[in-house]
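So the protein sequences, as listed, match chains D and P. The letter at position 132 of the first sequence is residue 132 when you use the numbering used here, and the numbering goes up by one with no holes. The letter at position 506 of the second sequence is residue 506 when you use the numbering used here, and the numbering goes up by one with no holes.
Derived by calculation from the structure, the hints in this document are not laboratory data. It cannot be assumed that every hint is accurate.
[Said to hold, decoys possible] A partial selection of chain P residues facing chain D, derived with a Cβ cut-off under 10 Å:
#1 V150
#2 N291
#3 F295
#4 E620
#5 N622
[Unchecked claim] With the C-beta cut set under 10 Å, the calculated list includes, among others, these residues of chain D facing chain P:
#6 D32
#7 E92
#8 Q95
#9 L97
#10 R110
#11 E118
#12 W136
#13 D138
#14 G153
#15 V156
#16 E157
#17 P194
#18 A285
Being a predicted model, the structure only gives us computed values, none of them experimental. All residues carry an ideal CB built from backbone N, CA and C; glycine is no exception.
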Amino acid sequence: MTDAPDRSFQGLILTLQQYWAAQGCVILQPYDMEMGAGTFHPATTLRALGPKPWNAAFVQPSRRPTDGRYGENPNRFQHYYQFQVILKPSPENIQQLYLDSLAALGIDWRNHDIRFVEDDWESPTLGAWGLGWEVWCDGMEVSQFTYFQQVGGFDVELVSGELTYGLERLAMYVQGTDNGFDLEFGGKKPDGKPFTYGDVFHQSEVEFSAYNFEHADTDTLFQHFKDHEAECAKLLEAKLPLPAYDQCIKASHCFNLLDARGVISVTERQAYIGRVRELSKGCCAAWLDSPQGRSDKQEDA
Amino acid sequence: MADLLLELFSEEIPARMQVDAARQLDSAVSKKLKDAGVEVESAKHFSTPRRIGLYLTGLPKEQPDVSEERKGPRVGAPEKAIEGFLRSAGLENVDACETRSDKKGEFYVAVIEKKGRKTADVIAEIVPEVIRGFHWPKSMRWGTGSLRWVRPLHSILCTLDGKVVEFEVEGIQSGELTHGHRFHGPEEIKAATFEKYTERLKDSHVILERVERKDIIWNEATHFSESARLELVRDDALLEEVAGLVEWPMALMGTFDEAFLEVPEEVLVTAMRSHQKYFALRDPKTGKLANRFIFVTNLEPEDGGSAITAGNERVLNARLADAKFFWDQDRKVKLETRIEKLKDIVFYDKLGTVYDKVQRLKPLAVELAAVTGANVKPTEQAVALAKADLVTDMVYEFPELQGIMGRYYALAEGLDESVGDAIRDHYAPQGPADRCPSSPVSISVALADKIDTLIGFWQIDEKPTGSRDPFALRRAALGVIRLILENELRINLVDRIMYAGRQIPNSQATKLDAAADDLLSFFADRLKVYLRDKGARHDLIDAVFALPKQDDLVAIVARVEALGAFLDTDDGKNLLAGYKRAVNILRIEEKKDKTSFDAKPQKKLMSEAAEKELADAIAEANKAITASLKVENYKGAMAAVAHLRAPVDSFFDDVKVNDKDKDVRANRLNLLNQIRASLEGVADFSKIEG
């Protein structure tokens with residue numbers, strides 16, 4: 001690694017991947033499904049359960065349909081990137097590992113005020129919660145740091161430490177820009193300048209905002225939700241937690257789209273969240289009874 | 001004598017929990033030591049973001065020796081019983097016992113001498129217990145362990161008189177080492193005594209004392225603001241919180257874009273304080289907010305703070321840009337057109353949406369307007385718009401600005417000031433120290449809102465219990481009390497409660513009656529608390545509330561005051577004694593005869609002058625009391641009652657109630673009953689203590 005880290009958006013990702021690979025993490029690629037946050041990745045949700053140690057890091061595109069602003073707000077996107085690290089069990093020096101990763105990105109603690117500020121995490125759809133902090137750098141939240149306590153309604157056996165870097169925020173900070181679309185993404189255009197985040201994603205923000213808010217067919221989505229829910233139940237009966245969990249992720253995304261379309265009332269909202277939670281609980285239960293989710297000794301006994 | 005130093009070093013503890021945790025550590029350890037017979041001279045606890053600790057002085061080196069006596073069987077008891085006793089007392093034979101005697105004869109006593117243990121050993125036992133049994137508002141496990149702490153616990157420093165007290169808690173071995181500041185002093189520090197400990201921590205950039213951290217922050221902040229000829233906006237809660245976020249505080253000053261000053265200052269202050277923990281500054285000449293802010297770092301930066309300041313300024317400018325965007329956007333939509341959207345906000349499960357609540361408030365507020373003297377039109381307008389700001393972007397982002405934003409948006413639309421004020425103030429007063437609305441429209445809406453909330457939760461049986469009051473209903477009731485009393489509103493509370501209650505969805509008449517009754521007694525309790533804080537006697541409030549149909553709070557308070565003043569006089573005290581005597585006699589005699597003496601006393605059966613005089617005095621007093629009460633002249637009623645004192649006293653001095661003639665006796669008892677009845681027209685004297 002050179003002394004001055006590459007501050008482009010992709011440079012940031014590469015640096016983090018390299019750093020966490022060196023710490024013994026499996027570097028995964030994004031899960032090939034639409035999800036609201038990196039925590040939904042089965043490498044986090046399911047692997048956090050059971051007695052087997054696990055270290056992984058990956059970028060996960062996160063889709064939050066309601067956050068779409070047709071590309072007009074420089075800070076709010078319906079699609080953005082999270083960089084997730086999960087260390088199970090959480091090592092004694094996890095805070096230091098995290099701080100060293102910031103240093104690798106060029107954030108020097110000698111001139112920056114880095115703080116761990118109370119922020120507990122809860123996901124009602126995943127039936128999960130944990131305690132931790134949001135990490136501030138000079139007053140800006142750059143990461144979320146959580147010690148998982150429960151997932152899918154189950155107490156975890158080994159506690160995972162989960163680190164989530166908000167990559168756009170972090171890049172804006174490192175590059176000193178106030179507009180996400182102006183971020184230097186990387187690569188090189190014919191004029192020699194790097195591609196910007198706007199070059200890569202602006203049109204997609206515009207089009208997907210229109211889709212999320214105007215065009216997504218709600219009848220179809222309601223039907224899909226039911227279908228995924230039924231499919232999930234069927235797969236759970238067949239003791240296939242991973243395919244079942246895919247259906248849970250899909251149902252959750254259908255719900256997010258319906259929410260963006262404004263067709264779910266307040267009371268219904270709670271009910272839908274409850275239905276997704278039931279699916280994720282079922283998947284977690286099945287996972288705990290699967291080879292990667294249970295202890296090897298159990299099989300012998 | 002020895003000193004104990006204990007430090008529990010962990011990852012960052014939430015600021016709001018630190019002080020309570022240190023206090024708990026102190027009281028738990030001190031209590032267990034005391035239970036073990038170890039007295040402590042002085043105790044001191046401390047907390048920073050990464051540690052809570054305790055310093056105790058003057059501990060003895062050992063527990064005191066104790067001798068315990070155990071009573072055994074009688075001398076000459078069966079062999080087996082004596083053997084069993086000796087075994088349980090750990091003695092070889094009876095000669096080791098003493099013998100004592102009581103009324104029934106001699107018995108054995110085993111005197112067991114217990115040597116005091118070393119204090120260090122006692123501590124080694126106590127501290128792990130305290131750690132394992134510690135109560136955090138929220139706690140967690142980490143790694144592979146099973147210990148629960150607020151965040152991972154890394155080390156335990158525990159020394160007595162400079163020597164390590166050895167113990168282990170779930171794999172953490174106690175020692176004499178700790179760490180300094182996360183960045184400025186990460187190395188291990190050895191610190192066996194409190195002096196060394198504080199000194200070395202300071203060398204490692206940790207200010208142990210919270211007060212000292214607060215002073216540093218305040219002094220530096222004041223220094224900056226003064227050098228900029230500005231005035232720091234005092235905010236003790238924020239200062240306390242910030243002192244819990246840093247071990248080595250350093251204040252810095254930043255600037256934000258002047259253009260944001262057109263946004264209401266509550267918004268700017270809230271954005272600075274709630275999200276960023278920044279202090280606001282004012283221009284003392286204009287009294288207006290300045291485009292500067294003070295923030296506190298946990299670091300002494302090498303570049304003097306330029307990077308940190310630039311970073312914080314960028315964050316704040318982005319936040320304020322959001323706020324300005326909301327301010328501009330929100331004003332494009334009239335409050336009136338937002339009302340419909342309140343249908344999307346559930347007020348409470350069985351109590352409908354906020355829209356439903358607003359509909360209920362309308363007739364209630366209009367009715368109240370007749371009492372407060374508010375004009376109907378602005379009242380209707382204010383109540384309709386009272387909650388409309390809940391669906392603005394600004395309040396969504398900063399919920400604590402509800403009401404305040406509603407007022408700004410109403411005024412921006414050109415609505416009447418009284419409407420804007422009522423939108424802002426209808427949440428008030430929130431607690432005993434909060435400002436209480438005094439303009440008629442505000443009072444009407446504020447009262448309607450609270451009464452609706454109270455009777456609503458009462459009807460669905462979600463009343464406060466013990467310390468649980470999730471909907472702040474005690475505060476709402478206190479709000480009603482303050483609004484009524486401080487504005488001297490003559491209101492029959494029960495009528496208003498019933499009226500409000502009938503608007504609640506699925507309201508049933510029978511349930512409503514019971515709920516309203518119960519709510520009124522809740523009000524009585526709250527009123528008691530309120531008046532007690534103002535120095536009134538709670539038994540006097542009971543005495544007034546026990547009268548039928550007491551729901552006019554202003555009248556109740558006037559009566560309580562008059563009663564209190566009367567009972568402070570000699571007449572009052574003596575009359576109360578006379579009343580109690582009368583009631584006692586009546587109770588006994590009524591029980592004996594199994595009847596009540598509520599007939600009218602007859603003149604012809606009166607032989608003694610004192611009883612005739614009393615009868616006349618009662619008749620006269622009754623007339624005067626009735627007349628006074630009619631015009632709510634409670635002082636006058638008390639004065640009339642006071643005239644009874646002399647005749648009551650002479651009656652008890654001169655007249656024997658239990659006459660041989662049973663008719664005379666009954667007549668005298670009937671007369672006593674008249675005393676009771678006449679006094680109880682003013683207050684229920686049986687509830688009065690003393």
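Status of each hint after checking the structure:
A cut of 10 Å between beta carbons decides the hint on V150/P: the least distance to chain D is about 8 Å, and the hint holds. Because the beta carbon of N291/P sits about 17 Å from the nearest beta carbon in chain D, more than 10 Å, this interface hint is broken. Annotation: interface hint on F295/P holds; nearest CB of chain D at approximately 7 Å, less than 10 Å. A hinted interface residue such as E620/P counts as satisfied when its beta carbon comes closer than 10 Å to some beta carbon of chain D; here the least separation is about 67 Å, so the hint is violated.
For N622/P, the suggested interface contact is broken, since its CB lies about 60 Å from the closest CB of chain D, more than 10 Å. Annotation: interface hint on D32/D violated; nearest CB of chain P at approximately 32 Å, more than 10 Å. Hint status for E92/D: holds, given a least beta-carbon distance of 7 Å to chain P, under 10 Å. Hint on Q95/D holds. Least Cβ distance to chain P is approximately 6 Å, under the 10 Å limit.
The beta carbon of L97/D is not positioned within 10 Å of any beta carbon in chain P (closest approach about 13 Å), and the interface hint is therefore violated. Taken as an interface hint, R110/D checks out: its beta carbon lies about 5 Å from the nearest beta carbon of chain P, inside 10 Å. For E118/D, the shortest C-beta to C-beta distance to chain P is roughly 4 Å, which falls under 10 Å, so the interface hint holds. Contact between W136/D and chain P, as hinted, is supported at the beta carbon level, the nearest pair being about 9 Å apart and thus within 10 Å.
With a cut of 10 Å, the hint placing D138/D at the interface with chain P holds, because the nearest CB-to-CB distance is about 3 Å. Residue-level restraint check for G153/D is violated (minimum Cβ-Cβ distance to chain P is 17 Å; threshold 10 Å). The beta carbon of V156/D is positioned within 10 Å of a beta carbon in chain P (closest approach about 8 Å), and the interface hint is therefore held. Residue-level restraint check for E157/D holds (minimum Cβ-Cβ distance to chain P is 9 Å; threshold 10 Å).
The interface hint given for P194/D is violated, since its Cβ lies 22 Å from the closest Cβ of chain P, which is over the 10 Å cut-off. The interface hint given for A285/D is violated, since its Cβ lies 21 Å from the closest Cβ of chain P, which is over the 10 Å cut-off.
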